[in-house]
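Working from the sequences, and respecting the hints, build out all of it.
Keeping their order, the protein sequence lines are chains X and E.
Per this note's numbering, the first sequence starts with residue 1, numbered consecutively.
Per this note's numbering, the second sequence starts with residue 1, numbered consecutively.
These aren't lab readings, by the way, just hints derived from the structure by calculation.
All clues stand as given, with none of them false.
Here are some chain X residues pointing at chain E (derived, C-beta under 10 angstroms):
no., residue
1, G70
2, Q78
3, A177
4, Y221
5, A229
6, Y242
7, K254
8, V349
Glycine included, C-beta positions come from ideal geometry on N, C-alpha and C.
Here are the chains, one letter per residue:
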Amino acid sequence: MNSQLRRAISAALLGSLALSALAGCGEDTKSGSDSKTVTLVTHDSFAASKAVLKEFTKETGYKVRVQAGGDAGAAVNQAILSKGHPQGDVFFGVDNTLLSRALDNDLFAPYTAKGLDKVPAALRLDRAEHRVTPVDFGDICVNYDRKYFADKKLTPPRTLDDLTRPAYKNLLVTENAATSSPGLGFLLATAAKYGDDGWKGYWKKLRTNGVEVVDGWEQAYYDRFSGSAGGGKGDRPLVVSYASSPPAEVADAKSKPAKAPTGVATGTCFRQVEFAGLLNGAGNTKGGKALLDFLLSKRFQEDVPLNMYVNPAREDAELPELFTRYGVRIADSATLAPQKIAKNRESWVKTWSSLVL
Amino acid sequence: MAVPLAFFAVFFAYPVAAIVTRGLRVDGRWRFGRISEVVSDPATLDVLWFTCWQAVASTALTLAVALPGAYVFARFDFPGKGLLRAVVTVPFVLPTVVAGSAFLALLGRGGLLDELWGVRLDTSVWAILLAHVFFNYAVVVRTVGGLWAQLDPRQEEAARVLGASRLSAWRRVTLPALAPAVAAAALMVFLFTFTSFGVIQILGGPRYATLEVAIYRETAQLLDLPTAAVLTLVQFAAVAAVLALHAWTVRRRESALRLVDPGRTARRPTGPAQWALLWGVLAVVALLIVTPLAVLAERSLNGPDGYGFTYYEALRSSADSGGTFFVAPMEAVGNSLWYAAVATVFALVVGGLAAAALTRKAGRLVRGFDALLMLPLGTSAVTVGFGFLIALDEPPLDLRASWVLVPLAQALVGVPFVVRTMLPVLRAVDHRLREAAAVLGASPWKVWREVDLPLVGRAVAVAAGFAFAVSLGEFGATVFIARPDHPTLPVAIARFLGRAGQLTYGQAMALSTILMLVCAGSLLALERIRTDRSGEF
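This is the structure in structure tokens:
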């Protein structure tokens, strides 16, 4: 009697089946079933020139398929959740603050990429086993608004200690260490400088000196910071951002100024190193290895700065003019051993939240 | 009912159960001790308390502000009404970061109101509440207004002829008829604000956290799956309690109504009171919704060399020259529209069948099913996203790398809207009409097509508009599963916002403006389709 209804339902079911089938077709291009494709699992800020990726295909015959998922933290956690049955062949984007979590979960298979000898030892954090390959590094630093300090005839701060001085009261905005990676980086910079207990005292001082905390980098930089050309409506001339933010500020300006509108407080930095690794259980191990070699090749390394605004890991990779002219080389960034970060991260963030928020 | 049930079992219940189980089962043994540990933690209780009261306050405020709007949109005719109805839905699709910062530009430190009257609302709870009104205004206007426009005004007039005062006629005739739609709208606003994520993060600063924020932190940042699993269960329990309360209060009040063509109920306002109401509503909409949107558009045009289309041109040129980071705006628009259209079809099929089944049958089981359909609104995107990842990873359902995941995840959020918008209207259909048709020999399918469908045509359009808008703006789940070479507009905007520089910021604003236009345009088109079709009925 209600055959029409039944027909409608079966049509709908058929429709969804057809869609799944379509989805299935798409999968054939995935790793494993097709050795001509190599899949790079990464976070959503990964970027590379199309030309460079094409070059890889020309050289090796492998096509790169990029699979992104969330921010860096979420991407690493996703990879851990699907370990043994990974979404792709190579993972890029685990940094030194999360490295131990990934290594302890046995995410990566050892492989020594070509060109690793050109990477400074300080960046090679898994020297014994080569489960991960350093690809780039960047520094999380306090940035300042040049115009503000020039107008006030005030010297911009240079060190972490400076930030607690009365002259800089109510000027700094930073990010929540629990939810934002520059926020965490800045907390780690203080932990590295003042030690396991000393950093708490430092943050108490910073709090007395009127530090403001917002949840993410976008709000800190665009809404609260006064120096960004984009937002620039905020009233805080100091912000926790990156050493590469000043070059980014002038990257697209038509007439290049003599100096970027923002500067970097060089004594406030924490070094972030990003790694790539061959995923355990990868379908296309050979292609994955070729991709790792390529990530360390000079061609890719020199493409990195203008795409992701970080520094290449290779010493011999040439930096673009934008970086040499407007960027700063930070000589003495703070670092912490990944194991130490893994061990303390959660309790530090908890303590920090109770101290500062 | 089989289709919606299967859909929910596979794409919601199974993935969420998988991720929760993963959290609570360690080495093959259940760790239920974790539940009492987390639940009794004072921090959890704080979060739960804040989550509840801000949701209650936001819902009450939204109803207070938007109900007059629903009336005006339903009963008055004025030029630009269709456009304005599309515009109030725009906040729905904007990424919270973008809308939040526009809101701050208006209400925050150094904002417009600060300059004019020294009114500052950043980091206060007021900013959160007002932003929730901004985002959810359309829910009330569209769900309640949708039904209101179809109520026959002659019933109220009849009551007045019989001697009832204007107020008591309204209270006895219109209010009971509207109650289910108001309750449905209130429920959705509550669920949305209860699970609020971006608004809390941006406007509340790091001091305020909802359960949703806590779940996100535990899952995506700390990978503390046990705690996340417990918090997810707490959120489920709270949402289930609200749904039960809703079912209990609404059930007894739904009655058959005379529904008429909305085109016949709206007229130009008469008398000073009606004009005052119309202008009042327009003023609220202008201040609360149009101004923040206008701020965005202004920013997208305010380039380095004064006003112009610099940022829009930059969008095009950087897409030509750039790498994987850049995507041509037209391409992102295309991706967004395509995903949203597929998601809308999924949501309409699943939600429509579910709503039809729910009107037809009664009983405990069906009521439970009703509640089940609402649960996705009460579940965090990261739980669903991670759940998809670990549950749908084996053939025949290895969809992890498939584009279908995006519209599927989006449809999950769209279905509750479809059900909630269609149900009050479907239930209001006089059952005697159906019986009469059946007596005359029509098959159930034919009854549905000839009796229900013409009357719910408008509700279908409203529901489709919602599902479409929700899908267009969906970010949380999409960012996990969208492929980087096919980003949607919100994902592309987030990429631009993630980098420093005037041009990238401007491009983000330009893309946001495009997203607004696409949304408003699509909604207008949807309404147009409906008006054209209504001639047939």
